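Enquirer: Listed here are the chains, written in short residue letters.
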Amino acid sequence: MLRLSAVFLCVLIAASAFAGFSKTQDFRLPTAEEKALKDVAYAPGAPAVVLDWIEIDDDTNATSAEYYRIKILTDEGKKYADVEIPYFSGWPVNGRVTDISARTIQPDGTIVPFDGKVYDKILLKGAGLRFRAKTFSLPAVQPGSILEYRYQRRWREQMLFNTLWSIQRDIPVLHAFMSIKPYDSNGMYRSFFTYHNLPAGKVPTLSPKKTYDLELTDVPVYQAEEFAPPEESLKTRVNFYYTEENIEPSAFWGNQAGAWIKQTEGFIGRVDASLVKPLMGKDAMETLQNIYAKVQTYKNLSFEDEPTEDDKKNAAAVIAKGEGYRSEINRAFVALARAAGLEAHVVRVATRDRFFFSSNVPDGEQMDGEIAAVTVNGQTHTFDPGTPTAPFGIVSWEKSNVPGLRLVKGARPEFQSFADQKPDHAVARRSADLRLNGDLLEGTITATFIGQEALYRRLKTWGEDEAEQTKSLEDEAKTWFPSGATVKLTEVTGAKSYAEPLVVKLDVTLSGLVSSAGSRTILPISVFASSGKNPFAPATRTHPIYFRYARRIEDQVKIALPETLTLAEVPKPAKVDAGALQYANEVKHDGTTLTYTRSMSVDTMLVEVQYYRSVRNFFSSVLTADQKPLVLVSK
Amino acid sequence: MIARAFALLLFAGVAHAASAPDWVKAIAAEPVPPQPPRTAAVVLSDTTTLTFTSPYDVTTLRRRVVKILTNAGHDYAYGSAFFDNNTKLLALRGWSIAPDGEVTRLRERDAIETTAASFEVFTDARMKFLDLPSEVGSVIAFEYETREKLYELASLWPFQESIPVLRARFEVRTPAGWQHHAKWTNYAAVEPSPGPVWELRNVPAIADEPRMPDGGAVAGRMGVHWNTSRSWSDVATWFHTLAASRLAPTPPVQSKTKELTANAADPIRAVARFAQRDIRYVAVEIGIGGYQPHAVGEIFTNRFGDCKDKATLLKAMLSEIKTESHYVLVHTTRGMVDPSFPTVHAFNHVISAIRIPREKAKGLDAVYEHPQLGTLLLFDPTSTTTPFGQLPPYLQANRGLLVMPNAGELLELPSHAPEASELRRSAKLELDEGGTLRGAVEEVRTGAMAASMRENLQALNAAERVRYIESSLSYHLAQQTASDVKIENVDDPEANLIVRYTLASPGYATRVADLLLIRPRVLGTKGETAIATADRKYGYVTDGPSLQSDEVEIKLPQTVTLDELPKPVTLTTPHVQYTSSSTFDQGVLRYKRKYAMNTFAVDREAIPALNDAFAKIAADERASAVFK
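Protein sequence lines, in the order shown, are assigned to chains P and C. The working numbering puts the first residue of the first sequence at 148, with every later residue one more than the last. The working numbering puts the first residue of the second sequence at 92, with every later residue one more than the last.
These aren't lab readings, by the way, just hints derived from the structure by calculation. Possibly wrong hints are sitting among the right ones.
Derived DSS-like pairs (lysine-lysine); straight-line CA-CA distance at most 30 Å [what the hints assert, rightly or not]:
1) P:K680 x C:K658
2) C:K413 x C:K453
3) C:K707 x P:K618
Note that the coordinates shown come from a computational prediction; the quantities given were computed from them, not determined experimentally.
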């Protein structure tokens, strides 16, 4: 299915009369309830509140009228009196914003009409398009004021756009009414809604006037939180799409997969078996490793700054030129695997970095990622050859643990979860060899990043020079220690290689870790995590907790003590078990050297909000265990 | 969907294969000497040619050639030009020469145009931007030409930047007989050749160091006055003339002033408070409107305006109560105003200097004793979180031009004493047998400490404020909950900002062998960021003067007996004073400390002593008391 973003329609009918504002958008005096409103019970402390928001979209007449009624509750809320209405001017949209009117109702009821200037600001202009904004500021605004403003957007009637009602704001919305009159194409186009996080029982409904209407009350404020799923997956929204294809949404994915199979199989084609002859190994897995190694050497144009090369026509062209865009390289890998006699397919996956997949939303762009699935000895293995430096068998995190469709010619595709990666696939291993010198810890650190942990760091600095990569890794290491640590990177290996772990060696002088308790010396039990903080400090939580990928951290620290000092007591091993979250540490002391080991693993991706307390307690317990003091006393 | 279509169009089909002009080819052919490690790009040549077509009409031709040395250097692969209603952009062209010699040319119509500032509701200041293709080894060149009507016969030549400049040239064609008066800032003066033409070779990059002064304040630049030299009085008089016609009060302004001051114990404060809090900051700057305030009546009716509008309304209202006040032109970045080069371009903000009786200055920090005008109170009505009587931190220890009717004077703005910005934290806590710490905490903030926290809190709703407090505690406590969080006076800059909460921290005390370890410092860190001094070029910018104190009481279980207390600490350096002490008496562990920072800036040479002080403070903060 093709979504029409800016499709020219040959509109034969003449433009109808100006739609105008409806009565619901007439300015009106405040009610006693509105006058008395000083705070919103479900959003205490909100700087302002939208009392009423009305949006009337008319795709037949290419207009959209909006009305806002906002009460200012605090000084901070006065900023909502600055209004900016963006629009595209110029060809081909020819957008305009017209019929702007506004007024301020002061707390004593005095009405101050807006008769100031509306400015037309250029936000961006270039390459034939003009993105502008009408801006104005309402006068005489103070806490207690009610602002009213309305305007109309118009655009070229030959343009048909999808519509987004982004309902959730940074201030509460007490009442919202949205309506859309779809473009009547006499059956040429279908239209459909998708919606997310609407209150139970609320959906756009068809009115006798053939408009789709949605009325909502008491829309909560969107609350941003750390470790939350992508914002797009959380905010309340409604999308209204047009489609050229006359199919039911329930049949959508079957049709879509058919189109993808045709496209990918056409691209993969059949490559000459002689191409894989030099890559054949002693068994299927070794052959696969050799093929993977080969395609990882290809120039990946998707990760170039400004690639100008054209798309390749087929896998053979990718192999011949040794370059391609990410999906082209993925398909070339599949083609070579098949040429080697292996059962290999492209898997279309729903990436989860920007939003979460919903099969109820018939939008193919949700599944914008590709990986490869190869069956060896009856087992399916997934690969990500289209991501540079992705280790063999590791797919980039946004394509892991996601629904996907294996594109098999002649087979009915079904959603399956692909690339379910575990903590073993993302390991950060840090080992420190230190000596206590006065109030400093000095020595060397080797950090080894394996699997996803290596890939994540390689991609973070992809395209940067060696010096920038070094700085990035050094800066990351500095965050492990308190301020004042001297950290100098001495060696990096595996920064550009898919086949090796990323290994970072550092010389360190750590201040701020050793402290005193009277005449005794105190060391934190964990050198690497002593200055950490609980990422889940707030006692309450609104959204689920989202870890990007399962991972494990393994630390080993050896500290050589001065001959004069010894450990007052070897602490008991600590263990925190919260199911998918695991932590353990242990200290050993052989008389001259302390050896500390620590491991923490996260074997989950999404934790529902009702389990927040458990997660918070886990990280609190980890921090307590990490910061447990080791007391050194004179021998 | 529109955005995506737009992006595709932006990057599609705008490059034109061509050859580069001879001036670009010649510069690109010159060898580039070795550059310091991690140099992203190097400016091969940057020339600016001004041609005066009449005394206040000037055309500018700028030609710049950059070589990209690393991937990070792609940020320099652009061409750009600023313009507004007073400056017409006549031409903009750019070229990119790839390492293999292939040339891409972009023309003005390929440029992206955008507004040049984001804080205004509207400004006529705009820029055009050419996004030139690049790879490591590419040579990027652009030229633009503008025609401008000058507000003053002065030019600024900022020649030093974040990458090295091999050759910088400033050439000026003036009417016959014109003199020039050049002043150099942060760079050794160079004599011009006839023209005049100034040329510099091998200008080093501005070092990028943590906690350094703003790059603009340390960058080398030259300012030139054309024909005649210009004094600060000239600049002040020019501004005063612009503003004077806007000051006439309207009847509603007069009426409001009467209303505000009728029963006010301090009429000046009442009027200042109105300008600060009831006039919303909204900037509309078009043409001369970047310098000239709106009319008082318009500002009052709209209840909005920019900094100069707020200062203008305040001046008019003060005049109604027979109080003299003056504009003060300032720059919000410390170090940008060079006293040796008077120009209106030195400033980006306007505040007020209010003449007050000397006896009324008691308790006010932002006071300037002027030999002729007497006691002046400096007040920034734009800063809604700064209390009356103080300056916001960015204006302290800064410079400002006092604007008088026919004169002007550059003032050294005061830096407030640490006592003007306090954080007083007190905690009455109790440790139970299980090691959980519980009790009440109160934090009182004044001055800049309060203003800074107010700015954070004002943008948050009630639930977010509680989370903000909880998150801030997690920096100091492994396990914690804050309940009964109460925050007072978030919106009143003149009252103390008070935060109260009940703290619970399980596992606070740790048992090791037969010892019970308790950290007397429960909350807060005082020292700032320690920084490496090797190869350090610039001084250190602190968080600003403040006085911070903690008083913590922890009632301990009766079963414990004292073994050892942390040693008291007393530190006195030129910039930092710190004392702390722990006592144990009648079952109560008491911790008291006081930290004072007395400056905004520490010289490069004094950084090691500062680091040492911060390290000792951090050690004190980690120290534990030992009980059995």
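Enquirer: Check the structure against each numbered hint from earlier and tell me which ones fail, lowest number first.
Expert: When the structure is compared with the hints, none of them turns out to be violated.
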